[in-house]
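With chain V fixed as given, assemble chain H onto it according to the hints.
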Amino acid sequence: MNPAPSVIIFTVLSGLGFGMLFWLGLGQAETGGMIGFWLFAMAFILSGGGLLASTFHLGNPQRFWRAFSQWQTSWLSREAILAVAALGLMGLFGLRQVFFAQDWVWLGRAGAGLSLLTVLATAMIYAQLKTVPRWNQPGTVVLFILLALAGGALITAQAGLAAGLFGLAGLAQLWVWYRGGQRFAEAGSTLASATGLGGRGQLRLFEPPHTGRNYLLDEMVYRIGRKHALRLRVIALLGMSILPAAIMLASGAGLLAGGAGLLAAGLAGAVHLIGVFAARWLFFAEAEHVVGLYYGRHS
Amino acid sequence: MTQLPPASDKKLGLVIDLDICVGCHACVISCKGWNTENYGAPLSDMDAYGENPVGSFLNRVHSFEIEPEDGPAQNVHFPKSCLHCETAPCVTVCPTGASYKRAEDGIVLVNEEACIGCGLCAWACPYGAREMDQAEGVMKKCTLCVDRIYNENLAAEDQIPACVRSCPTGARHFGDFGDPNSAVSQLVAEREAVDLMPEQGTKPVNKYLLPRIKDRWLDQPEAGDVLPVVAEEPEGFLKWLDKALEKL
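Those protein sequence lines, which keep their order, are chains V and H.
Our numbering puts the first residue of the first sequence at 8, with every later residue one more than the last.
Our numbering puts the first residue of the second sequence at 554, with every later residue one more than the last.
Chain V with its partners taken away, still in its complex shape:
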């Protein structure tokens, strides 16, 4: 699948933002005064900015409001509704906390729940697609949620929890890669099933329908950069999980106090973000769509 920058930026940043909102809603961070103001501001910039980035890949973004209508069947519609609801509740919760030092615990909890559900809906947009077997596994949802929780825990200064979640996210990523490699064969789509011409001998594409490119090839039969896949996987795993987990463990154990601790957390966040961007790029670039079979791919 085509790793469109707008969609990679959207899923990474909004995942992190909603992860922050989850912990802020549960009251797991210092939320009064200036610290609270900046934490909420950052969470809203990440989640809202990510949502805005996602509209850049639309053909007709001015009609975005129509996407709130089909929640009964469409995970994309559910995501839009959940995101707006989560941002609305958490906005109200944040305003009361930061400016009036008042707490409505139930409002925060509801906002936290909706924030996590938003991440789930984002993941389900991909995990639901039978046509992309690599994505079509429960691990996709688990990984998206763990990454949101881990990043959120880091920024809300929960060092020990963040370290644990980074570790879990790394394990989930390994599992998703492992299962992802088996999924295409499990799905059972082959050139023979795609054409109905199986059982007659060796089958191959003789001529494609056209000599040039087309939308399908550009969007769903992306092939560039796979040769660096292994190297990128190592970078992704180190960045998203191992390095930030190690830094936060050291920080949580009290080895880095005061200014050094803050610097370490900043470094862990930056490394984590680079790792997640690399992993998300691979998530798209490595995903094979079954339509590629008609163009002589994956067989």
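Hints are computed from structural coordinates only; laboratory data are not their basis.
Model, not experiment: these values are computed from the prediction.
Every residue gets a Cβ at the ideal spot worked out from N, C-alpha and C, and that includes glycine.
Any given hint could be a false lead.
[Claimed, not checked] Covered stretches of chain H (chain V as the covering partner; in silico rule of three or more C-beta atoms under 8 Å from a C-beta of chain V):
#	region
1	588-598
2	629-643
3	660-674
4	710-716
5	750-757
Below, chain H without anything else, positioned relative to chain V:
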């Protein structure tokens, strides 16, 4: 509405006969022509005369080669367009309700006024039947020529999809699969038509008729008896011609 309607009695679609198709691409061109001038946004081309042309098509013809172990290779031309699936995954993923399946005849359409161009329906389709129009930013797909088949301004023989009308070999058949007595239902039953990618669970309405197994290697003939001599001396007209030529 992106909820699928209850299964309709009428299921309009195509049967494509892979035994007959010669891969001339007439259906591709007539489809592009009709759907550029009629229903919805035109099927645009980008950089049409430049180095890197690309355009939207609703129907494309692939060609595959089968190489049996005990016979010569066989080419199969394979036209592919929307299969108007009964459980169309492209419909249920749509966030705006632009992608829908008609309750009355099962045709899958896009309401281009409501399409935001997110592309998720094209991702959900296993067959590559949907292409984003790069000029309009809306999703394009086969309409089964909904603006021809019910169009009483057209002559009766033209009230069929453009691809079917233009096929010079009669490899494409249009009809109602909901009616067991229709010509297409009979063809499906007689020729044991197949579904494409049944494992995807889409229950396509369009069916494909598989090609017969054709050539087989013959025993190698002895040199000399390829064309046995049937007459040493010419007879009849040839005898006269032979003599007439000798006299010259």
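Tested hints:
| no. | hint | result |
| --- | --- | --- |
| 1 | 588-598 | violated (count 0) |
| 2 | 629-643 | holds (count 4) |
| 3 | 660-674 | holds (count 7) |
| 4 | 710-716 | violated (count 0) |
| 5 | 750-757 | holds (count 5) |
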